[in-house]
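**Student:** Each chain, letter by letter, is given below.
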Amino acid sequence: MAVIKLQRPKLGPGEAIYLTALAKGFFLTLSHAVKSLLGKSMGAKDLASSGLGVTMQYPEQTWDDHLPEYYRGAPALVTDEQGRERCVSCQLCEFICPPKAIRIIPAEIPSDDPWAKVEKRPAAFDIDMLRCIYCGMCEEVCPEQAIFLRKDYVITGLNRKEMVHHKDKLYQIGGVRTGLVNKWNELK
Amino acid sequence: MLIIILKIVVLTFCVVLPLVPVAVFFERRFCAVIQDRVGPNRVGIPLTLFGFKKDCSIFGIGGLIQPVADGIKLFLKEDFTPQHVRKVFYWLAPALTLAPALITACVIPFGTDVTLFGHTEKLVIADIDIGPLFIFSIASLTVYGIAIAGWASNSKFPFLGGVRSTAQMISYEIALGLSLIPVLLYFGELNLSAIVQQQADHGWLLLPLWGHDAAHPLTEKLLFWFPAAVSFLIFTVSIFAETNRMPFDFPECETELVGGYHTEYSSMKFAMFFMGEYAAMVIGSALIVTVFLGGWSLGFGTDAWIAKLNIAGFGVGGLLHLGIFLAKVLAFILFFILVRWTIPRFRYDQLMKLGWVIFFEAALVNVFLAALIVAAPHLQGAIIAVGALLLIAVTAAIIWVARVSEIKPQILRA
Amino acid sequence: MSDTPSATIPITLPKDLAAAMGRVNVQINGQWHHFPKATRMIEACRQVQVAVPHYCYHPKLTPSGNCRMCLVQIGMPPRPAPGQQPQRDALGYEPITWSPRAVIACANTVSENMGICTTSELVESCQAGVMEFLLINHPLDCPICDQAGECRLQENALGHGRGVSRFVDRKVKKPKNVTIGPRVRLDDERCILCSRCIRFMDEVAGEPVLGFTQRGTHTTLSVHPGRLLDSNYSLNTVDLCPVGALTASDFRFHMRVWFLKETPTIDVNCGTGTNITVWTRENTIHRITPRRNNDVNSDWMPDSHRLNFHYIDSSSRLTDPLAKAGNHHRQATWAEALQIIAPQLKAIAAPAIAIIASGRMTNEELFLTRLLAQQLGTPHLALVPRFAAPDALLIAADRNPNTTGAKLVLQSADPYAGLDAIRSAVRAGTIKALLVFGEDLISDAGFATADLTKLEFLLQTHLLANPTADAAHLVLPAAAFTEKRGSMVNLTGRLQRLNRATALPGQARDDWEILRDLTHVFTGAAAAPAQIDEVFAQLAATIPAFAGLSLATISPAGIPLLDTGHSIPLLDTERARTAAGRING
Numbered sequence: 001m002a003v004i005k006l007q008r009p010k011l012g013p014g015e016a017i018y019l020t021a022l023a024k025g026f027f028l029t030l031s032h033a034v035k036s037l038l039g040k041s042m043g044a045k046d047l048a049s050s051g052l053g054v055t056m057q058y059p060e061q062t063w064d065d066h067l068p069e070y071y072r073g074a075p076a077l078v079t080d081e082q083g084r085e086r087c088v089s090c091q092l093c094e095f096i097c098p099p100k101a102i103r104i105i106p107a108e109i110p111s112d113d114p115w116a117k118v119e120k121r122p123a124a125f126d127i128d129m130l131r132c133i134y135c136g137m138c139e140e141v142c143p144e145q146a147i148f149l150r151k152d153y154v155i156t157g158l159n160r161k162e163m164v165h166h167k168d169k170l171y172q173i174g175g176v177r178t179g180l181v182n183k184w185n186e187l188k
Numbered sequence: 001m002l003i004i005i006l007k008i009v010v011l012t013f014c015v016v017l018p019l020v021p022v023a024v025f026f027e028r029r030f031c032a033v034i035q036d037r038v039g040p041n042r043v044g045i046p047l048t049l050f051g052f053k054k055d056c057s058i059f060g061i062g063g064l065i066q067p068v069a070d071g072i073k074l075f076l077k078e079d080f081t082p083q084h085v086r087k088v089f090y091w092l093a094p095a096l097t098l099a100p101a102l103i104t105a106c107v108i109p110f111g112t113d114v115t116l117f118g119h120t121e122k123l124v125i126a127d128i129d130i131g132p133l134f135i136f137s138i139a140s141l142t143v144y145g146i147a148i149a150g151w152a153s154n155s156k157f158p159f160l161g162g163v164r165s166t167a168q169m170i171s172y173e174i175a176l177g178l179s180l181i182p183v184l185l186y187f188g189e190l191n192l193s194a195i196v197q198q199q200a201d202h203g204w205l206l207l208p209l210w211g212h213d214a215a216h217p218l219t220e221k222l223l224f225w226f227p228a229a230v231s232f233l234i235f236t237v238s239i240f241a242e243t244n245r246m247p248f249d250f251p252e253c254e255t256e257l258v259g260g261y262h263t264e265y266s267s268m269k270f271a272m273f274f275m276g277e278y279a280a281m282v283i284g285s286a287l288i289v290t291v292f293l294g295g296w297s298l299g300f301g302t303d304a305w306i307a308k309l310n311i312a313g314f315g316v317g318g319l320l321h322l323g324i325f326l327a328k329v330l331a332f333i334l335f336f337i338l339v340r341w342t343i344p345r346f347r348y349d350q351l352m353k354l355g356w357v358i359f360f361e362a363a364l365v366n367v368f369l370a371a372l373i374v375a376a377p378h379l380q381g382a383i384i385a386v387g388a389l390l391l392i393a394v395t396a397a398i399i400w401v402a403r404v405s406e407i408k409p410q411i412l413r414a
Numbered sequence: 001m002s003d004t005p006s007a008t009i010p011i012t013l014p015k016d017l018a019a020a021m022g023r024v025n026v027q028i029n030g031q032w033h034h035f036p037k038a039t040r041m042i043e044a045c046r047q048v049q050v051a052v053p054h055y056c057y058h059p060k061l062t063p064s065g066n067c068r069m070c071l072v073q074i075g076m077p078p079r080p081a082p083g084q085q086p087q088r089d090a091l092g093y094e095p096i097t098w099s100p101r102a103v104i105a106c107a108n109t110v111s112e113n114m115g116i117c118t119t120s121e122l123v124e125s126c127q128a129g130v131m132e133f134l135l136i137n138h139p140l141d142c143p144i145c146d147q148a149g150e151c152r153l154q155e156n157a158l159g160h161g162r163g164v165s166r167f168v169d170r171k172v173k174k175p176k177n178v179t180i181g182p183r184v185r186l187d188d189e190r191c192i193l194c195s196r197c198i199r200f201m202d203e204v205a206g207e208p209v210l211g212f213t214q215r216g217t218h219t220t221l222s223v224h225p226g227r228l229l230d231s232n233y234s235l236n237t238v239d240l241c242p243v244g245a246l247t248a249s250d251f252r253f254h255m256r257v258w259f260l261k262e263t264p265t266i267d268v269n270c271g272t273g274t275n276i277t278v279w280t281r282e283n284t285i286h287r288i289t290p291r292r293n294n295d296v297n298s299d300w301m302p303d304s305h306r307l308n309f310h311y312i313d314s315s316s317r318l319t320d321p322l323a324k325a326g327n328h329h330r331q332a333t334w335a336e337a338l339q340i341i342a343p344q345l346k347a348i349a350a351p352a353i354a355i356i357a358s359g360r361m362t363n364e365e366l367f368l369t370r371l372l373a374q375q376l377g378t379p380h381l382a383l384v385p386r387f388a389a390p391d392a393l394l395i396a397a398d399r400n401p402n403t404t405g406a407k408l409v410l411q412s413a414d415p416y417a418g419l420d421a422i423r424s425a426v427r428a429g430t431i432k433a434l435l436v437f438g439e440d441l442i443s444d445a446g447f448a449t450a451d452l453t454k455l456e457f458l459l460q461t462h463l464l465a466n467p468t469a470d471a472a473h474l475v476l477p478a479a480a481f482t483e484k485r486g487s488m489v490n491l492t493g494r495l496q497r498l499n500r501a502t503a504l505p506g507q508a509r510d511d512w513e514i515l516r517d518l519t520h521v522f523t524g525a526a527a528a529p530a531q532i533d534e535v536f537a538q539l540a541a542t543i544p545a546f547a548g549l550s551l552a553t554i555s556p557a558g559i560p561l562l563d564t565g566h567s568i569p570l571l572d573t574e575r576a577r578t579a580a581g582r583i584n585g
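Chains as they are written, first to last, in the working numbering: chain A, 1 to 188; chain B, 1 to 414; chain C, 1 to 585.
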C-alpha cells in the first residue's frame with residue numbers, strides 16, 4: 001500500500017502568530033472587493049456584467065443573446081414544414097417525465113383529416129410548468145421529434161392554472177421546425 | 001429628567017438602533033461586492049404606489065430601503081411558537097439578548113457637548129465614572145438570553161448552540177476584561193468621556209502623535225504603544241468572540257447546528273436575536289473606537305476647534321463629533337465584515353485554546369508590562385531592570401508551560 | 001430403451017424413476033427433468049421455467065407452427081449398433097447427439113432421453129433470423145400502436161433481435177385500420193401471420209370467419225367476404241394477437257398499457273363468474289381482460305361482459321344520498337340520511353316491511369341483509385331473478401353472479417321465490433315499507449310506478465339513477481363491482497373474491513357499509529365491524545359451508561366450495577380437446 005505521509009510544514013515565529021497571514025488575507029479580500037467594485041472581476045466581460053461583480057441585472061439586461069445552443073428552456077411541441085403536428089400522443093414523455101408534469105389525452109384523427117393515416121394525435125397535451133424541471137427527458141425519449149426544449153425561460157403566471165401550458169400554448173412556443181425526419185410520409 | 005429621557009430616546013433609538021439595519025445593509029452590500037455580486041440594490045421608496053411618477057431611492061443608491069423592507073417582512077411573518085418549547089423563557093430570551101446590548105449604549109460618549117438655546121448638554125446618556133465596568137457587567141448578561149433560548153427551545157440544535165455560546169462568552173470575558181486593564185492604567189480613569197477627551201488632547205491610544213507635554217511625554221506614549229497594541233488585538237478578537245461573529249460564530253454555525261440557538265424562532269422574535277447580535281456588534285465597535293481609536297476625536301489637535309464650533313448660537317461641534325464617531329464605528333463594522341470573508345471558522349477546541357491558553361496569559365503578562373511602563377518614570381533603574389527580568393522570566397515560563405501541556409497528536413498507523 | 005412402465009424393473013437409477021411414473025426423461029439446457037409422454041416441447045420448457053420465445057403457439061389452441069420463433073436445438077441418444085449396449089452415465093442417462101438443425105418446440109413432443117437446448121448459438125442465430133424476417137414488412141409504428149408495451153414483437157426484438165435493419169427495399173403495403181367487426185380493428189401491416197385469431201374463431205368460438213388470403217409476402221389476414229367478426233367472443237382475438245394487428249375499438253388510443261394498474265377480480269355479469277383483470281389508471285377503468293382460470297373461464301370471456309363497465313364512470317352515477325323532498329330529491333349527508341330511516345321504519349309493523357335484495361350482492365352483503373331482516377323481524381326477503389338464454393360457451397342462463405352464494409348465505413333453496421308474494425302484497429297495500437338493495441324494481445322486478453307510490457317508505461341503494469329511485473323516499477349511493485371487496489360463489493360452487501380496483505366516487509359508500517349502518521340505525525351502536533374481513537369471519541362462523549375460511553385466504557383462482565353439478569360448456573369442450581391431444585394447455 002502506498003501510504004504517503006505528509007508532514008505539517010514547520011511554521012516560523014512570524015507565521016506562528018498568524019498576524020502576517022491575517023494581514024495578507026485582509027489585503028487580498030479588500031483588493032478583490034475593489035476589483036469587483038470597479039467591474040473588473042474575472043469573467044465579468046464574458047458574463048455580460050452590469051458593472052458590479054459578474055452579475056447581470058436581470059429585467060433590464062437578459063440572457064437571450066448569451067444562451068448556449070444546448071440551453072434547456074420550456075418544453076414545446078412543434079409542427080413540421082408540412083403543417084403536421086408531429087406529436088402522435090405515444091405518451092412516452094408522459095411516462096418518462098420525472099416530476100410527472102406532462103398529461104396527454106390521446107385521440108384518433110378523424111378519417112377526413114389529410115393526415116388521417118397517422119391515426120393518432122393528442123386531444124389534450126398539458127405540461128404543468130410548476131412541476132417541469134427542464135430535464136429534457138421528454139425531448140430525448142420522443143420517437144417522433146415532436147417535443148423540444150426551447151430557449152424560453154420566462155414562464156410566469158398569476159395562479160396555478162396559468163402555469164399549465166395547454167396544447168395551443170405549446171405549439172405557439174414550439175412553432176415550425178424544419179429538417180426533421182418525416183417517416184409518416186412513406187406510409188400508405 | 002426630561003433631558004435624560006430625550007437623550008435615551010434620541011441616542012438609543014435614533015442613533016444606535018438605526019445603525020443595526022445600516023450595519024445589515026452594509027454587510028449585505030459589502031459581502032456581495034467581495035463575492036463579485038451586486039447585493040440588494042433595488043428597494044427604494046415605492047412612491048409610484050402613491051401616484052408619483054418615479055420611485056425614490058435615497059442618494060440615488062438603490063437598496064438603501066432594503067433594511068426597512070426586511071423589517072416589514074419580519075414583522076409580517078407568522079410568529080410561530082412550537083408546541084414543545086418552555087413558553088415563558090422562550091418568549092423572554094429574545095428580549096434578554098437585545099436589551100443588554102442596547103443598555104450598554106448609555107455610557108458610550110457619542111460626541112462633545114451640544115449647545116442648544118444656551119443649554120449645554122453632553123452627548124452621552126450616563127456620564128458615569130465606571131464606564132467600562134458597566135459595559136462588561138451588562139454585556140455579559142447577553143449570554144443569558146442565548147443560553148435561555150437554547151434551553152427553552154427544547155430541541156437539540158438550539159441547546160448545543162446555547163451551551164457553546166455560554167462557554168465561549170465566559171471564556172472570552174476574562175481576556176476582554178484583562179486586556180482593558182493596561183488602558184485603564186494608562187489613562188488612570190474609568191469615565192469613558194474623560195478617556196476620549198484625554199485622547200483628543202494628547203493623541204489616540206494607538207496614534208499618540210500630538211499634544212505632548214510634561215505630563216504626557218512622547219517617549220512614554222510611544223513606549224506604551226506596544227502594550228496598547230497587544231491590548232487592542234486581544235480586545236478586538238475577544239469582541240469578535242463575544243458578538244458571535246465569524247470566525248467565532250459557533251452558537252449558530254449553520255453547517256453544524258442548523259440555526260443554532262434561534263433555530264426554533266421566527267418572525268419578530270428571530271428579528272430580536274438578529275438585532276441583538278448586530279447591536280452587540282455596533283456597541284463593540286463603538287467601545288473599541290472609544291477606547292483605542294480616539295472615540296469622537298478627529299485628532300491632530302483639531303478637536304478643541306471643532307468643539308467650539310458655533311453656528312448662530314447653536315454649538316454644533318458635538319454633532320460634528322457625533323458624525324466622526326459614527327464614521328469610525330461604521331469603518332470598524334466594515335472591518336468586521338472583512339474579517340468574516342477572510343478568516344475561516346475556527347474549530348471549537350482552537351477557540352477554547354486561543355481564549356484560555358493564549359489570550360488569558362498574554363493579557364495577564366500585558367497588564368504587568370503596562371504597569372512597568374506606566375510606573376517606570378517614578379522608579380529607579382535597578383528596580384525597573386529587575387521588574388523587566390522578572391517579567392521576561394514569567395513570560396518564558398508561561399510559554400514553556402503552554403507548550404508542554406499541549407496534547408501531542410497521536411500518530412495513527414494504518 | 002424402455003418406454004413402458006414396468007413394475008418389474010427395479011428403481012436403481014434416477015432415470016428409472018420417470019419410467020416408473022409413465023413419464024419420459026428430457027434434458028433441458030443441461031438439466032434432466034421428466035414429463036408426461038406427448039407433452040409438447042414448448043410446454044415442457046414452460047413447466048421448468050425455460051422461456052422459449054413464440055408467437056403462434058397458445059396452450060388453448062392447436063399448434064400451427066407457422067411463426068418459427070420457437071426454434072430449439074434437440075438431440076437424441078446415438079442408435080446403438082446391433083448387439084451393442086447403450087452407454088450410460090452414472091445416473092443412467094445416455095449421451096446425447098445434438099442435431100445440427102433446429103426444430104420448432106410447439107409442434108413436437110418430448111421423448112425418452114431427448115435433449116433440448118434453447119440457448120445454443122444455433123438457436124440464437126435462428127431466432128435472430130426469424131426476427132429479422134418478421135420485421136422486414138413491419139411498419140414500426142409503435143408510437144401509435146396500442147399493443148406497444150405488451151407486444152411480443154417488441155419484447156422478442158429486444159431479447160432476440162439484431163437491433164438494426166438491413167432491409168433496404170420498399171416494405172409491402174397492406175390494408176391499415178380496417179374495421180373487420182363492430183368491436184375489432186385490423187392493421188394488416190402489423191400482422192405477423194401467426195393465425196392465432198383464425199384458430200380461435202375456428203376452434204373455440206366456433207365461427208370461422210377469419211382467414212388468410214393472397215400468397216407469400218402479400219399474405220393478408222381478412223374476414224370472410226360478406227361476414228364480419230361480430231361474434232360475442234371477438235375481443236378475445238385482440239387479447240390473443242401477439243402484435244398490434246387486432247385492436248379493440250373500445251380501448252383504441254385510450255391509454256398506453258404501461259400506465260395501467262392491473263387488479264385481479266371477477267366478472268359479475270353472469271353466474272359463471274369469469275375471472276378478469278381490471279386495468280385502471282387513476283380511478284378510471286380503461287379495459288377489462290379475461291384472466292386464466294382453467295376451472296372457470298379458461299382464457300376467454302364474452303365481449304358483452306367485457307365491455308359492460310362504462311356505466312361505472314357514467315354521468316348517471318349516484319354520488320350523494322338523496323332524500324325525497326316534495327316532488328324531487330335533495331342531496332343529503334349520510335348522517336341526515338340515516339336519521340331519516342329509523343323513525344320511518346319504527347312506525348311500521350315488522351310484517352309490513354319487506355326487503356328486496358340482489359343476486360349481484362356479495363356473500364358478505366347478503367349476510368348483512370339477512371341480519372337486517374332478522375333485526376327488523378320481517379319474513380319478507382327476496383332476491384330479483386335474472387334469467388336469459390345461455391350461450392354454448394361461457395354465458396350462463398342465470399345472469400346473477402351470486403345465486404349459489406345467496407342460497408348458501410340466506411339458507412334458502414330458492415331465494416327468488418318470495419318476490420312475487422312481495423309484489424302482490426305491495427299492490428294489496430299490506431306491505432308498507434320496502435328496502436331495496438342494488439335493484440331497480442321497475443325495470444327488473446316487474447313493479448309498476450303506481451305500486452311504489454302506495455308505499456309509505458321506500459329506500460333504495462343503487463349506483464345509478466333509475467326509475468325506482470325516482471319513487472324512493474331515500475336513495476343511497478352504492479358501489480360498483482370494481483369498487484368492492486367481497487366474495488361470491490359461482491354456479492359451479494367455486495368461492496371467488498372481488499377485489500377493489502377503483503375508489504368510490506363522491507359520497508358513495510360500499511354496500512356492506514351501508515347495510516352495516518342500517519342495522520345500527522335502530523340500536524345506535526357504534527359502526528362495527530370496521531372491516532369486511534370481519535363480516536366474512538362472522539359469515540364463516542354462522543354458515544357451515546364457509547367454515548374455516550377467511551376472505552384473505554381466497555386464492556386468485558378461487559376455492560371449490562361445493563359441487564352444484566353445473567358445468568360450463570366451454571370447459572367441457574376444452575377437456576375433450578385436451579383428452580384428444582389436440583391441445584396441451
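There's no promise every hint is true.
[Stated by the list, open to error] Lysine-lysine pairs mimicking DSS-like chemistry, simulated, CA-CA at most 27 Å apart:
#, chain 1, residue 1, chain 2, residue 2
1, C, 176, A, 183
2, C, 37, C, 15
3, B, 7, B, 353
4, C, 173, A, 183
5, C, 346, C, 454
6, B, 7, B, 122
7, A, 183, A, 161
8, A, 100, A, 10
9, B, 77, B, 53
10, C, 324, A, 117
11, A, 100, A, 45
12, A, 120, A, 45
13, C, 171, A, 183
14, B, 7, B, 77
15, A, 45, A, 117
16, B, 87, B, 7
17, A, 24, A, 100
18, C, 176, A, 120
19, A, 40, A, 24
To be clear, the hints were calculated from the coordinates, so they are not data collected in a lab.
**Student:** The structure should be examined with respect to each hint, and the outcome stated for every one.
**Tutor:** Checked hints:
{"no.": "1", "hint": "C:176 / A:183", "result": "16 Å, holds"}
{"no.": "2", "hint": "C:37 / C:15", "result": "15 Å, holds"}
{"no.": "3", "hint": "B:7 / B:353", "result": "42 Å, violated"}
{"no.": "4", "hint": "C:173 / A:183", "result": "15 Å, holds"}
{"no.": "5", "hint": "C:346 / C:454", "result": "18 Å, holds"}
{"no.": "6", "hint": "B:7 / B:122", "result": "9 Å, holds"}
{"no.": "7", "hint": "A:183 / A:161", "result": "36 Å, violated"}
{"no.": "8", "hint": "A:100 / A:10", "result": "58 Å, violated"}
{"no.": "9", "hint": "B:77 / B:53", "result": "30 Å, violated"}
{"no.": "10", "hint": "C:324 / A:117", "result": "53 Å, violated"}
{"no.": "11", "hint": "A:100 / A:45", "result": "39 Å, violated"}
{"no.": "12", "hint": "A:120 / A:45", "result": "50 Å, violated"}
{"no.": "13", "hint": "C:171 / A:183", "result": "13 Å, holds"}
{"no.": "14", "hint": "B:7 / B:77", "result": "32 Å, violated"}
{"no.": "15", "hint": "A:45 / A:117", "result": "54 Å, violated"}
{"no.": "16", "hint": "B:87 / B:7", "result": "35 Å, violated"}
{"no.": "17", "hint": "A:24 / A:100", "result": "53 Å, violated"}
{"no.": "18", "hint": "C:176 / A:120", "result": "13 Å, holds"}
{"no.": "19", "hint": "A:40 / A:24", "result": "21 Å, holds"}
In this structure, the earlier hints numbered 3, 7, 8, 9, 10, 11, 12, 14, 15, 16, 17 are contradicted, and the remaining ones agree with it.
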